[in-house]
Structure formats: structure tokens, C-alpha cells
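Undergrad: In case you want the letters, here they are:
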Amino acid sequence: MGLAKRIIPCLDVTNGRVVKGVNFVGLRDAGDPVEVSRRYDDQGADELTFLDITASSDNRDLILHIIEEVAAQVFIPLTVGGGVRKVEDVRRLLNAGADKVSINTSAVQNPQLVEAASDRYGSQCIVVAIDAKRMGNGWEVFIHGGRTATGLDAVGWAKKMQSLGAGEILLTSMDRDGTRNGFDLALMRAVSDAVEVPVIASGGVGNLNHLVEGITEGHADAVLAASIFHYGEYTVRQAKECMAQHGIEVRL
Amino acid sequence: MTDIAIVDYGMGNLRSVSKALEHVAPAVSISVTGDPEVVRSAGRVVVPGQGAMPDCLRELDTHGLRAAVLDAAMNKPFLGICLGLQMLFDSSEEGNVTGLGVVPGQVRRFPPTSTADTGNTDGANEHVKPRFKVPHMGWNQVHQITAHPLWEGIPQDARFYFVHSYYVETADPGSAAAYSLYPFPFTCAVARDNIFAVQFHPEKSQEAGLMLLRNFVHWEPASAMDKQVRISESGCNV
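Going down the list, the sequences are from chains A and B.
Under our numbering, the first residue of the first sequence carries the number 1, and numbering increases by one thereafter.
Under our numbering, the first residue of the second sequence carries the number 1, and numbering increases by one thereafter.
If we strip away everything but chain A, and leave its shape as in the complex, we get:
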């Protein structure tokens, strides 16, 4: 009896649709966000994460309508990220029904945003997303969807974000994202062991054993995956059953 490790399907959303690409190219349609959300809720997803990858600001409000609609039907925690630059953006997403807001590029450009947002709304709703790439003996933080190097060490950055009020870290390995070769377990473990707040492992899941490894070897508190769920390869329930078989406590 105790806290369950979480499985979080991730929905990349643009122009009102769920999409999935490999390394940001070849975006493939994966369905209507509300329908997809309901399906994962039925399968036993512990939370849902929406990433608004809309390039232009014209269609930014679309995500608000989607979140409103999902929040009226799906009663599990919803995290929304993508293009969050101001405390006002956080407020609008929370008011639309998001429970947590994920901040990535803006956390690097303006760390005070993390502090101000967590002061205002509480650490529990501020997730800092970190995209990291192996560099020598460590990992470097990248922003702008992986296009811009920052010179920041991922482990040190995660600790700094925790000190400024991040309640959770969403950690993506850029080296593994889209490869289906499994999480970068050394990265996950280095960050998870260095911070007190929960860490969500992301990037590289190709099968259910990868999810298990993320917990047992990556020391993550939650695992995030997209493509293995989107195209019906595995259900969330199958993933949980597999984790349970490996002795991991899950909500079944």
C-alpha cells in the first residue's frame, strides 16, 4: 500500500489536432484531443500532458478551448505546456482547466517567471520541462524545441528550478526522443537523485520494458510516452500490468 508510479500519455497538439512527429518533422495526425483524452482516461492514465506545438501565435487560444472541453469530461490531472511566457499565460491555462502548467524555454530566458508563477499559484502547479542532450560527462539544457543550446548543465538547472519553486521536473532526453530505444537512464537517474521534487521521464519509449526501466533504473516517479499509445500499439492498461508484473506499484 502506497504511492503509485504514474503513467502519463503525452498529446502534442497543433491546430486542434493531436499529432506526432519524429524529431519535429513528418507530423502525423493522431486524432481529436478530446476523444484521445477520453480513451486514455478509460484505459487508466494517471494524468495527461498536452504540449501546444502550434508555431504561430494566431491559434494559441485553440488549446484553451480544448483544455476546457477535456476538463469538463476527464477528471484526472491535466498538464499543459508550450508557449508559456508570462504569469498571465499560466493564469489563462489554469482557468481553462489545466491543473499544472509546464514551462520550458521561458524558464531559461526568464527564471523569475517560475518563481512568480509558483508564488502566485503554488509549486504544485508549476512543472519545469527540461530538454537535455549528452555533452561529455554531463547533459546540456536546450531550448526552442531543441534548437538552441544554453550552456546550462541539466542537473544543476533542475536543482535551480526546484529552488525557484518548480513542483515537478519533466525531463526529456533529446538524444533518445523519437528513437524508440528507451530512456536515457543515466540522465534520468542523475536528475531524479539530485532533486527532491518528482521527476517525469520522457523521450525514447519504444516498448513497455522501457517504462519499467524508467522507474527501476532511471529512478523516475512517473513515465511519459506518446507514440506507443497513440497508434494503439499498447494500451495504458497493458503498460500498467507490465509494470505491476515487475513489482512496481501502479493504479490498476
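Since the hints were derived computationally from the structure, they do not count as laboratory data.
Given the structure is predicted, the values throughout are model-derived calculations rather than measurements.
Backbone N, C-alpha and C fix where the C-beta goes; we use that ideal spot for every residue, glycine too.
Treat the hints loosely; a few may be bogus.
[As the list claims (entries may be wrong)] Partial pick of chain B residues on the chain A-facing surface, computed with a CB cut under 7 Å: (1) Ser18; (2) Leu181; (3) Pro185.
[To be verified] Distance windows between CB atoms, simulated: (4) Asp29(A) to Pro104(B): 38 to 44 Å; (5) Gln109(A) to Gly95(B): 27 to 33 Å; (6) His218(B) to Arg180(A): 45 to 51 Å.
Given the structure of chain A, go ahead and fit chain B onto it with the hints provided.
TA: Coordinates of chain B only, in the frame set by chain A:
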């Protein structure tokens, strides 16, 4: 007239709570309100809350809501969620503040995450040492220790969604309605007369949470004697 008032004192997002209540009680009039008069006249009151307890109490006073919340806690079906549970206690370690003093006891912080086990844990078969991170975030089991109308239809040890760094320690063991483990047992629900308050978020706890909210909407807190009858009735249904 408002059937259910969700008290809005400017702390965090109340939309999830109102959405979940609307979902389980579409015919009921629900207001998210910061108006003490609306709270006073409502049939039932829900006090949610996120963030820090000192801010929460200050905002309650800024909005002139303290008296209305105390009145509700004394007189009508009252559901506290998260900070809405913690604020009922005598005091909190968070900012060393005095609470509303409705339920005897105090609010304490979880001990810091142990970092002593960050050594070499390579190897697929090595058993993972548990680390108890703070905040306590995610789905944990809720072990019901008293029968109560709000538990009706909810399986023993059902999982609910938690996110918190502080927990309540009741001075009156009789007020504890459930506990969870993290890693030690802590009280995650209290029940007394017309008050039911929970540390977890029923509005984010899928079926089990919706059932608890549905039970709250229909709950008629009774005198102590009636309550005993109710408990034995629910016992027969299990």
C-alpha cells in the same frame, strides 16, 4: 439560491472542483464565489485551496470570508479539500500560523526526501530503494477507518490523487476518517458532525473522486444517534 458554494478566496484554480461537481450534480446550482453572503446562504459549502497556508488564511481575511467559512464549518454540510482540510486545524508548521481551530491538531511538513541512497544502483534486477519525495504527488491508497456516508460506494483502499507537502496530525483520533501511507500513516480525511475534509483531490480522482463528490451532494449530516444508524446501514451494503 445557491445550493453549493465553492469558496473562492483567490488561492488557485477552482475550476476543476466546480466542473467535477457540475458533472455529478447537473441539476444543482453551484457558485464559485468570494461573497460571504452567498457562502452564508448556500445549502452546502466546499472549501478547496492550493498553495501556502499563511497566504490562504490571509486571503480568507482579505476577502472577509473567515466568519462565513467558520459558520459553514459549524452548521452545514462542509467539504474541505487540501488546504480546505489543513486550515481547519489549530496551527501549521507552514509559516507557523494559527489555523481556524475547528479541528484539534496541527499541520506538519513531510520530512525531506532521503538522499542517502543515491549510490550505485546499476543493474536491472537490483531492488529500487524507495525514496519519498516531497511534494507527495500522485495516486495513493485511502484506507477508510470509519464508516461514513461519503465513503459509500468507494472501495476500501481506493486510490485518490494527492499533491501536498504538509499533512495533518489530529489530536482527536476519533476525527480521523482515513489514512494513507507515505511512508508512515498520516490522516488523509477527517469527519466530524457536518464536516468532511480530505487531503486528496476528489475532483481529480476519476471514479472514486466523483463518487465522493456525489455522496457529498446528497449528504444530510444527522445527529449523532442518526449517524450511528447510517453507519450500520452502510455496513450492511458492503
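Undergrad: Each hint should be assessed against the structure and marked as holding or not.
TA: Hints and how they fare:
Because the beta carbon of Ser18(B) sits about 10 Å from the nearest beta carbon in chain A, more than 7 Å, this interface hint is broken. With 7 Å as the threshold, the beta carbon of Leu181(B) comes within range of chain A, its nearest partner Cβ sitting at about 5 Å, so the hint holds. Hint on Pro185(B) is violated. Least Cβ distance to chain A is approximately 10 Å, over the 7 Å limit. Hint check: Asp29(A) to Pro104(B), Cβ distance near 57 Å, so the stated range 38 to 44 Å is violated.
Between Gln109(A) and Gly95(B) the beta carbon distance is about 31 Å. The supplied range of 27 to 33 Å therefore holds. A C-beta distance of roughly 49 Å is found between His218(B) and Arg180(A), which places it inside the suggested range of 45 to 51 Å.
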